[in-house]
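Novice: Chain residues, written in single-letter form:
2 protein chains.
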Amino acid sequence: MTLDQIETPAALIDRVRMKRNIARMQSRMDTLGVAFRPHVKTAKCVEVAQAQRDAGARGITVSTLKEAEQFFAAGFSDILYAVGIVASKLPRALALRRAGCDLKLIVDNLESAQAVAEFGRTHGESFEVWIEIDTDGHRSGVQPDEPRLLDIGRMLHGDGNGGSHHGARLGGVMTHAGSSYDLNTPDALAALAEQERAGCVRAAGRLRNEGLPCDVVSVGSTPTALAAQHLKGVTEVRAGVYVFFDLVMRNVGVCTTGDLALSVLTTVIGHQVDKGWAILDAGWMAMSRDRGTAKQTHDYGYGQPCTLDGAPLDGYMLTGANQEHGILANVDHPDRDISVHLPVGTRLLILPNHACATGAQFPAYQALSDEGEVAVWNRFYGW
Amino acid sequence: MTLDQIETPAALIDRVRMKRNIARMQSRMDTLGVAFRPHVKTAKCVEVAQAQRDAGARGITVSTLKEAEQFFAAGFSDILYAVGIVASKLPRALALRRAGCDLKLIVDNLESAQAVAEFGRTHGESFEVWIEIDTDGHRSGVQPDEPRLLDIGRMLHGDGNGGSHHGARLGGVMTHAGSSYDLNTPDALAALAEQERAGCVRAAGRLRNEGLPCDVVSVGSTPTALAAQHLKGVTEVRAGVYVFFDLVMRNVGVCTTGDLALSVLTTVIGHQVDKGWAILDAGWMAMSRDRGTAKQTHDYGYGQPCTLDGAPLDGYMLTGANQEHGILANVDHPDRDISVHLPVGTRLLILPNHACATGAQFPAYQALSDEGEVAVWNRFYGW
Chain A
1 MTLDQIETPA ALIDRVRMKR NIARMQSRMD TLGVAFRPHV KTAKCVEVAQ
51 AQRDAGARGI TVSTLKEAEQ FFAAGFSDIL YAVGIVASKL PRALALRRAG
101 CDLKLIVDNL ESAQAVAEFG RTHGESFEVW IEIDTDGHRS GVQPDEPRLL
151 DIGRMLHGDG NGGSHHGARL GGVMTHAGSS YDLNTPDALA ALAEQERAGC
201 VRAAGRLRNE GLPCDVVSVG STPTALAAQH LKGVTEVRAG VYVFFDLVMR
251 NVGVCTTGDL ALSVLTTVIG HQVDKGWAIL DAGWMAMSRD RGTAKQTHDY
301 GYGQPCTLDG APLDGYMLTG ANQEHGILAN VDHPDRDISV HLPVGTRLLI
351 LPNHACATGA QFPAYQALSD EGEVAVWNRF YGW
Chain B
1 MTLDQIETPA ALIDRVRMKR NIARMQSRMD TLGVAFRPHV KTAKCVEVAQ
51 AQRDAGARGI TVSTLKEAEQ FFAAGFSDIL YAVGIVASKL PRALALRRAG
101 CDLKLIVDNL ESAQAVAEFG RTHGESFEVW IEIDTDGHRS GVQPDEPRLL
151 DIGRMLHGDG NGGSHHGARL GGVMTHAGSS YDLNTPDALA ALAEQERAGC
201 VRAAGRLRNE GLPCDVVSVG STPTALAAQH LKGVTEVRAG VYVFFDLVMR
251 NVGVCTTGDL ALSVLTTVIG HQVDKGWAIL DAGWMAMSRD RGTAKQTHDY
301 GYGQPCTLDG APLDGYMLTG ANQEHGILAN VDHPDRDISV HLPVGTRLLI
351 LPNHACATGA QFPAYQALSD EGEVAVWNRF YGW
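The listed protein sequences correspond, in order, to chains A and B. If you read the first sequence in full-length UniProt numbering, its first letter stands for residue 1, the second for the next number, and so on. If you read the second sequence in full-length UniProt numbering, its first letter stands for residue 1, the second for the next number, and so on.
Watch out, some of these pointers could steer you wrong.
In this list, chains with the same sequence are indistinguishable; a pair is considered to hold if it fits within one copy or across any two.
[Unchecked claim] 25 Å max Cα-Cα, derived SDA-like pairs, lysine to any residue:
1. K232 to V46
2. K275 to R206
3. K295 to N330
4. K66 to P363
5. K295 to N322
6. K295 to P147
7. K66 to H333
8. K66 to L32
9. K295 to T319
10. K232 to R121
11. K275 to D182
12. K232 to P334
13. K19 to S88
14. K19 to D30
Simulated from the structure, these hints should not be mistaken for laboratory data.
Could you put the whole structure together from the sequences, leaning on the hints where they help?
Specialist: Okay, here's the thing in structure tokens:
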């Protein structure tokens, strides 16, 4: 199959760019001397994760137990489920561990730590649990200096004998400086990367000073991973969206539009000539409702249109989106000849604001090789 | 299965409310003396469309050819594909018609009308095509008084002999006053409903005055359908989101929060007590990125939390959302006791901004009966 034969809208992966993005991140991690555990929530696609592993990644990070199940079934065993576990989800986690999956859980509160230990004890399983650390205040996690960090650590470690007698064991600490998405200068990103590193290492130190084990110190987000000057005390880094990058990351300053490996293939289906609009068959159902660039330095609307060879149509953007209609226009210079420039049937690529959100709208990717051949790579969704 | 046994996050349908919404709309259409053709893009679920048909709906409207294929396979034959057709999609439309589906297409330009007629002629098929009319300037369509309306009509009608000799036949006109979502008073809605009706009827009159056939005059959006005072000259109405309603519709003023039939079941997985936050396992992947209430009179953030019996938690909302994390907070009165009020493990319902976008994030609905029993209703996605 070639690009011409794909029905629109479609989610297109540029495999050359994807491989370059994977190599760039892995090379940086190798230089910094840390293991790399990609977050596979971005693509939810086995072929993408295999490419990351082939490049040197060790283990994966997931955002749902469904991802854990799907990737375990596809041959991935070392899996971190990086959303705080609660009691009601423990039976599924148990089933994965009993099937041989080296699944790690995270908690950021005493109630959940206790629930894991008790459930594990009841079922003769010792869950490996990491403590989530809050290093930038953007979401969940225990702050590095909070007293309860040690309470949670002791709850997980139990009497220290570990094994199935206790039900849980403390494997390490992890943090995610997600506020990095709000920054846009190298200095600010490097400073946040250092804050992320230092906070997580400090938390690990406090646990160890209490005699608690803390083998893993795991940090990361795409921007901080690429901005970190050193990662002393860190054992592994996690990042997800770097594999495709997107317009939000372009505005953060960690890639260019030429690095974006995911786009939406679309067809012009009509015009409103008086307004200078072309109407596309890619609306928000294809692009997602993500407007992540709205508050950034460059607002791309619902996405940046490009010709099929990847060249951005400068000045044009998706100014609006209904469920299955996108509106393409030149905002500053309304194009009254748009039906001549982009006649009905014209095919375009739209670069998305947020690759994780756009990818999630599609059952499969069309993965384009450097020779112009297209392979179908399935993805999954749900929980 | 009961509510307690459902894993979170989950998309919950309150069947009692859904049936009430369906009955309300159908009763209104019956009173206005028009046929009703629900838009099934909202739920993409056979059981929901069956309930609409059982209540009196005639035919369905779809937003993708995949919907047409799925609903045709489930026993629906009278299907309007309400997005402008382009040449590349005609083979799929042809396959549906050859399989016996009474599929109708729409166009708003001469190129597409010509493409349909030529493709139909080549393949011995006479496609029924309606012309899309633009009655409020919000998206696609031909304005009622544009000269090209008649050119398109003549292109579709051909020499008037119809049948497979020509490849297309003109079935009618249709319009969608989607700008109704921007309104919020009964008077403004009634005025737009009249504008939608009058514009579409005027377009039909112009075609008929030229000797062209125009059996169908199809109008609608949920707000205008519910606000129309009369529908003289209209043969059918289309509406979609009314089946669930949502917070956007509540702000438009056509329903109350007590009518909302779709919600997301979620679990509290942690807290940031200093900030008054509860962290939920429903982030934007569950709620969608839709922020449709942001510019309305009441901004609900990413959604309105309710207790399991459907009572809204006044003052609280989803103030933020990451992929699998939602942040619940009381914006005006930060709740420092939130971990006491909503401890880890608490289950809540979140009413969504936009039912079409939220439903699309889930592979299935959990449909709750008035007796508290839950059935799984599959939905589909993609194109």
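Novice: When the hints from earlier in the document are held up against this structure, which numbers fail?
Specialist: 1, 6, 7, 8, 10, 12, 13
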